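Engineer: Here the protein sequences come in this chain order: A and B.
Residues 0 to 662 (numbering that gives the first Met the number 0) make up the first sequence, in order.
Residues 0 to 90 (numbering that gives the first Met the number 0) make up the second sequence, in order.
Incorrect hints may have been included.
Unchecked claim - Pairwise CB distance ranges, derived in the manner of DEER restraints:
1) B:GLY54 / A:VAL154: 24 to 32 Å
2) A:VAL134 / B:GLY35: 27 to 35 Å
3) B:PRO77 / A:THR464: 36 to 44 Å
4) B:SER75 / A:THR283: 36 to 44 Å
5) B:GLN78 / A:HIS599: 53 to 61 Å
6) B:PRO77 / A:ARG371: 24 to 32 Å
7) A:GLU213 / B:GLN78: 31 to 39 Å
8) A:HIS465 / B:GLY35: 41 to 49 Å
9) B:GLY35 / A:TYR500: 52 to 60 Å
10) B:GLU34 / A:VAL154: 37 to 45 Å
11) B:GLY54 / A:HIS465: 44 to 52 Å
12) B:GLU34 / A:ASP209: 16 to 24 Å
Unchecked claim - Chain A stretches covered by chain B per the calculated footprint, using a threshold of three residues with CB under 8 Å from any CB of chain B:
13) 156-169
14) 235-249
15) 400-414
16) 621-632
The set of hints was computed from the structure by calculation and includes no laboratory data.
Computed from a predicted structure; not experimentally measured.
Quick reminder that beta carbons are idealized off the backbone N, C-alpha and C, glycines included.
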Amino acid sequence: MDDKYVRRIKIGVVGLPNSGKSTIVSNLSGLFIRTANYPGTTVSINVVNLTIKNLRIQLIDLPGIYSLSSEMPDEEVATKEILRGNYDGFIVVGSALSLQQTIYLLVQLLELGKPVILALNMMDLARKQGISINVEAMRRRLGIPIIPSVAASGVGMGELRKLITEIAQSSIAVNIKVIDYGPLEKYIDAVSARLNAPRGLAIEVLRGNDLLKEERLKASDIVSKAIEEIGQIDVFVARKRWDFASSITKDVVARGIQVNLSKLDYILLNPKVGILASLALLFTLAEVIFLVLNPLVDYISELLSMIPIGELMVNVGNPLIQSFIMDAVWNSTSIVLSFIPYVFGVALIVAFIEDSGLIIRLTFPLEKWLRRIGLPSRGLIYLIAGVGCNVPATSSTVAIPSSTDRLITALMIPYIPCMARLLVISLIAAAILPSQLTGVVMILPFVTSLIGVMVMSRLLLPLLTHIRVKLTARVPYAYELPQLIIPINRFFVKKVWHYTYEFLVRAGILIVAFSALMWILSISGPSGLIGPEALTNQTLIRSTWLSLIGYSISPVFKLLNIPWQLSASLMYGYVFKEVILSSMAVLYGTSEEGVINVLHSALQLPSALALITFITFYSPCIATLVTEARIVGVRLTVINAIAQLLLALALSYIVYAIALLVV
Amino acid sequence: MNQVEDVRVNELPSGSVARVSRLLIGRLRDLGIMEGSLIRVLFSTPNGPAIVETGDGRPIVLDSDAASNLLVTPLSIPQRHRYRHRYGSRQ
Chain A
0 MDDKYVRRIK
10 IGVVGLPNSG
20 KSTIVSNLSG
30 LFIRTANYPG
40 TTVSINVVNL
50 TIKNLRIQLI
60 DLPGIYSLSS
70 EMPDEEVATK
80 EILRGNYDGF
90 IVVGSALSLQ
100 QTIYLLVQLL
110 ELGKPVILAL
120 NMMDLARKQG
130 ISINVEAMRR
140 RLGIPIIPSV
150 AASGVGMGEL
160 RKLITEIAQS
170 SIAVNIKVID
180 YGPLEKYIDA
190 VSARLNAPRG
200 LAIEVLRGND
210 LLKEERLKAS
220 DIVSKAIEEI
230 GQIDVFVARK
240 RWDFASSITK
250 DVVARGIQVN
260 LSKLDYILLN
270 PKVGILASLA
280 LLFTLAEVIF
290 LVLNPLVDYI
300 SELLSMIPIG
310 ELMVNVGNPL
320 IQSFIMDAVW
330 NSTSIVLSFI
340 PYVFGVALIV
350 AFIEDSGLII
360 RLTFPLEKWL
370 RRIGLPSRGL
380 IYLIAGVGCN
390 VPATSSTVAI
400 PSSTDRLITA
410 LMIPYIPCMA
420 RLLVISLIAA
430 AILPSQLTGV
440 VMILPFVTSL
450 IGVMVMSRLL
460 LPLLTHIRVK
470 LTARVPYAYE
480 LPQLIIPINR
490 FFVKKVWHYT
500 YEFLVRAGIL
510 IVAFSALMWI
520 LSISGPSGLI
530 GPEALTNQTL
540 IRSTWLSLIG
550 YSISPVFKLL
560 NIPWQLSASL
570 MYGYVFKEVI
580 LSSMAVLYGT
590 SEEGVINVLH
600 SALQLPSALA
610 LITFITFYSP
620 CIATLVTEAR
630 IVGVRLTVIN
640 AIAQLLLALA
650 LSYIVYAIAL
660 LVV
Chain B
0 MNQVEDVRVN
10 ELPSGSVARV
20 SRLLIGRLRD
30 LGIMEGSLIR
40 VLFSTPNGPA
50 IVETGDGRPI
60 VLDSDAASNL
70 LVTPLSIPQR
80 HRYRHRYGSR
90 Q
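Here chain B stands alone, though its shape is the one from the complex (with noise of 0.2 Å):
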């Protein structure tokens, strides 16, 4: 199958562009980070918090705990990092 499947955002590496799956906290969605929308990861440390930036070019902060409550698709990964997500930074 070649189906991708959802990802923390902080599992993406920095320079990763995903599409937002499922929102497990709706203030995201007051910061204009809604189901279907496009992102950008700007920053991520794996498990940590992220940076991401928004379809209008706002750069979001989410805590680790924000970030680990955004699902995505990953719709392109820097090509030294494709691999990354796959290996074990889920706990």
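Chain A with its partners taken away, still in its complex shape (with noise of 0.2 Å):
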């Protein structure tokens, strides 16, 4: 069947965390992968498949480390890959920021036996920072093609696509003595012999990787006599690598490496002020953002309102027809539309924060605190990585090695104002406030979600005790932290478009097949089909099924001042955030526009903060829901999801009394 290729190999993408392995792989293949500036963005196995020319290549990214050795759940997936997967060879993608770092991840694979090729990655970034390497002295010293790299403008992926042909053609040097331990190489050569297995697995075997107990076992008398003569073999092997690393450090790099660290990252960083800066940044950021796209929303409508759709329906004779075509699509695709500026707004805001290292500076001065209520450092990552959608970054969580950080993980993730809810949000604050301060209002879902996440992770811990059997304990985690960037880059680019067109598209098709169910539910009732004439006549429409629905749960936010059509739409949400504006449009019988103007006239100020701090997190979608039920257990889903709409329904009264009293 695939006769046409002659050999096919499996190559793996190993590397230090946040070097840029999913971002070379994304490169080399083409497709989009997610990756961001935080470690642990790749949590699972990547494959992608390749052909140059007649060889067939299977790319398997995976996921970072620093060693062999794993103690995080992520890190053992890619552990477990390279030691017992049968490769071809290995791409080990480093950092020129951090060069030591990346030859003792290096020694470890070279030391297995296979092809190894390094890819030095952010060379530019090493050279603005003033670090000079001497590649070809590197090439010499370690017998291996060494690529300098920049993964993110695409420089050097041409020369690694022609040295990945060259494994298959088994043309690459392989160096797999590339450190002398002395004492511990008779032991090495003798459990190697014993298992008949690589040199890289004798040491591994030597100094008790996890991985390996039955090999240790095997090798047990061999493992206790190197013990008796060394003493911590593991302490021996990394000395050893850590003086390896050093030496050729110390001879290839030309001018003197520095700290990493900005001017800014001392602000950032700062416990005390840290986070202030972090928000401040952020929430400039988005005022900027907002403000600059502000004309473009105008734009957009007046190109949308010179349609002349109301005269080109006047030719379809059926009038249910003419109002299916104009009430349930064509005013759920003007939503779509018109949501494109909001979209790419936050698309930008989102990619921004994953890819220039904030998630990691918004992290580390709120640790300590959120430490009080249970959260753990890395949870916290993925916590503020939900900002962009809730599904990726609740799935992500399988990362975290304690159970009880993994489960409070799951079940907070939830309370973050997701994409969709922030576009909701963004568009309520556009049509009640004036367009200056749109971007303040964005602080609300922000400060909400974060006393929702203090509350509920309170009340919840203790919970987890009582359902959940067995609890294991939390394991300290350490980590290099990543540069602080600018991320203008085509990957950038490529990633707020890819985050644009999939919302655009997956939130278009549902919001459009969404309204015209909403269209039939608002032109039918208990008594049968009422006709189109219900949408405009506020007496019919309150016998159709949408009314009845909407009428149900409009006494609790009745006191809000929220009218029922958006408490209606409310309800609608928890299928998909997405639908919340389009409900709205078809309960109140108008488009995009129109959605804008009745916010504009149906809200007060005290009613609409109100309902931004509901809209943050009264629910998850179907998707987060499903996501945290395979985490977390359906039990504790269910519990989670009623604790978050009493809490948002809490919220809002106390955000409604104090703006009735401010403002």
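Hints are included, so try docking the two chains, each in its own frame, into the full complex.
Structural biologist: In structure tokens form, the structure reads like this:
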């Protein structure tokens, strides 16, 4: 079937966390792989197939590791693959900013006896920091091909493709004995002979790698003798490897390595002022983005109003079809089109938070305080990543080793306003406030969600011990601080485009389909078909299914001065947040422009602020609920969903009361 | 006695220089923090997380647990904080 392919090879892409592995795989394959500037973005294996000439290559993008001894679940996935997977070779992705750390990992891959190519990434950032690496000298010392690369802009990718084909031709030299371990050598040889395993595996057995317990048992007599002679083998091996890495670095780095902290880092990471500085930076960014995008919103609205849809509909004879096209299809389509600037703005902010390294800067000053309410540092990273979308953030929690930490993080992520919720909130803010204040109001959902997380984690933590039988202890976490960068490169642009496109297509289909359903519910009732006139007649609409459902929950929101049409729309948000606005449009029988006008006239400032508070976390969407249930179980998911609703309601009442007093 | 006692790294104020005396978690070795190596505390909060700089200039983030499991011998402490670690930040 695949005769035209002469050979198939399997290459593992291994590297330090946050070194650009996924960006390189994305570059080589042309596929979009989610990347971000914080450790733990890739928590599972990504398999990408690639064809170069007549060679079929399977690239396996593995989670980042610092060594072959793993303590985190995602690292364990990677090390298991490296030690047990049948690979033809490895691409080690290193960082020019962390040369010693790169060599420390590289050595361990070389010792496995497979062909290795080193892609020394982030050469541009190293150059900016005044670091100059003599790559040729490094090639000579290590005896392997080394490619200086800048994955974000594609530098070095052509050469890397060429070298991958050389792995298939077995023309890449294998340098298995890079370090002389002195007194340990005889034991390495003995274990290697006993297990018929490569040198690297024998060293890992001697070091006591948890993944190789069976092998260690088979060579237990040799291991005991080695411990007797050398003492702590893992300390001995680590020291040898660091000494080697240090000696190579001294030889090949022409100019000194300096600390990777910028002046801004010293402000953002400061335990006292850091969090305020980070938030100020984010909201300035949000303000600027929304101010710049506002004229675009007006422009799109103008364009849409120029389309003579009413005149075109005159030719459609059947009033039911006419209403369907106008009220269900056209209104929802115009909403999707008018979303574009907002979706783009939110995508830009989310991508910036992910790629700039700001996530870590936000978590560090907050960690100590959130620890007190039971949230772990790694969980905090995923919590902030949840601003993009709750679904991948929740599924990433599998990488948290302690079950207590994993459960509490997965339970808290739905309290974080995702892109879809932020979009609805930004539209409400745009409707009730002057454009200059849109960004300021965006602070409200974050403050609300922080309160939500603080309250609920305190309440849910004791519950976990009652519900879950087995809770494991917390595992300490340490990682290299990613660089703070302004992520303006083609991958950032691609990411913003991908987020915007994905959201518009997914939300677009959903909104149009849901609007059609809502249209049916708004022209029919328990008595049967009422007809499209129900959409414009306030007496008739009372008899429709939509109105009956909406009215059933309206008393809860009456005290907040929120009209029943809006509270009914929120109910449909349980399906997907994207449909809240289209539900409003159908219930008010209006278009996109109409929704903003309706919100403007229907809501006073206190009610609007209460509505924003409620939307922040009153319910996750179905996709988040399913993912949450997979991690924490159905029972906890249901408890959490009910708790979210009650807390959102309580907080919206509090915000409403405060706003009434202040405004 | 003039002997300096070992302290947890998050008991030292920012700007301190210390020698690593004991690691209670092996992961730090893989990040270049070895027994006997010198580190500089870039940021620290009592009983909270810390960021330390390794010999080759890499900033390593330690969460509260990791920071509490890294014992160091202080070599130099900024003048204004000299006695901070003595005053009950330990729990």
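Engineer: Each hint: holds or not?
Structural biologist: Verification of the hints:
no.: 1; hint: B:GLY54 / A:VAL154: 24 to 32 Å; verdict: holds (29 Å)
no.: 2; hint: A:VAL134 / B:GLY35: 27 to 35 Å; verdict: holds (31 Å)
no.: 3; hint: B:PRO77 / A:THR464: 36 to 44 Å; verdict: holds (42 Å)
no.: 4; hint: B:SER75 / A:THR283: 36 to 44 Å; verdict: holds (38 Å)
no.: 5; hint: B:GLN78 / A:HIS599: 53 to 61 Å; verdict: holds (59 Å)
no.: 6; hint: B:PRO77 / A:ARG371: 24 to 32 Å; verdict: holds (27 Å)
no.: 7; hint: A:GLU213 / B:GLN78: 31 to 39 Å; verdict: violated (56 Å)
no.: 8; hint: A:HIS465 / B:GLY35: 41 to 49 Å; verdict: holds (46 Å)
no.: 9; hint: B:GLY35 / A:TYR500: 52 to 60 Å; verdict: holds (53 Å)
no.: 10; hint: B:GLU34 / A:VAL154: 37 to 45 Å; verdict: holds (39 Å)
no.: 11; hint: B:GLY54 / A:HIS465: 44 to 52 Å; verdict: holds (47 Å)
no.: 12; hint: B:GLU34 / A:ASP209: 16 to 24 Å; verdict: holds (21 Å)
no.: 13; hint: 156-169; verdict: violated (count 0)
no.: 14; hint: 235-249; verdict: holds (count 5)
no.: 15; hint: 400-414; verdict: violated (count 0)
no.: 16; hint: 621-632; verdict: violated (count 0)
Of the numbered hints stated above, those contradicted by the structure are hints 7, 13, 15, 16, listed in ascending order.
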